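J.: If you read the sequence shown in our numbering, its first letter stands for residue 1026, the second for the next number, and so on.
In case anyone wonders, no lab produced these hints; they're calculated from the structure. Remember, it's a predicted structure, so these values are computed and weren't measured experimentally. Keep in mind that a hint or two might mislead.
As the list claims (entries may be wrong) - Here are the computed distance ranges between Cβ atoms for each label pair:
no., residue 1, residue 2, range
1, Gln1114, Ser1092, 15 to 25 Å
2, Leu1078, Gln1114, 21 to 31 Å
3, Glu1053, Tyr1176, 38 to 48 Å
4, Lys1046, Asp1173, 54 to 64 Å
5, His1095, Asp1149, 20 to 30 Å
We treat Cβ as the ideally placed atom computed from N, Cα and C, and that holds for glycine.
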Amino acid sequence: MLTRLEKAQQKWGGSHTVIDKWLTERQELLVLYCRIAGFSPYDQKDHALPDQLQIQNFCQILMDYLSAGHFEVYDDIAKACEQKGPSSQQLASELYPRISETTDIALDFNDKYAEVDKEDLLKDFDDDLSKLGEALELRFELEDELIDNLYSNHT
C-alpha cells in the first residue's frame, strides 16, 4: 500500500491541491494503520494490542479520509468525467459502487472501535483490522484508477 501511495504522489502530486491534500491524508492513514497493526518496530510489544488513543486517532483519520473522498475529491472527478465524455463517465459509474463497498467496511470498523475503552478486550480486532486493510488496499487501487482516468483523459 505504501508503494502504491508513493507512485500516486509521484504521478499526480502537485497537479491539484485537493488531490495533494487527499494523498497526504492517505499517507497519514497508512502510517497509523501500520502502527496499530504492529508493522512498526516501535510502540509494540510482542503482539500487544494498540492502546485506545491510537485506535481512536486512526478511526478519526480514517473518517477524515473517507469524507474527503466522498464529499470533495469524487465530486470533482465526477464533474470532470461528465465533461469529457461517456467513456470517462462510465468508468466513474462503475468504480463508485465498488468504492462504496469499501466505505461500508471502514464505517463498520469505525463504529466498532472508535469509542473503545481500556477495559475492552478487542478479541476480533486483528481480524477486523485485516479485513479493513484489504478493503483499503482495494479502495486505493480503485481511487488511483479514477484519478488516472481523470489525468489521462482530461489534462
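J.: Give a verdict on every hint.
T.: Each hint tested on the structure:
no. : hint                          : in the structure
1   : Gln1114 x Ser1092: 15 to 25 Å : holds, 24 Å
2   : Leu1078 x Gln1114: 21 to 31 Å : violated, 43 Å
3   : Glu1053 x Tyr1176: 38 to 48 Å : violated, 23 Å
4   : Lys1046 x Asp1173: 54 to 64 Å : violated, 18 Å
5   : His1095 x Asp1149: 20 to 30 Å : holds, 26 Å
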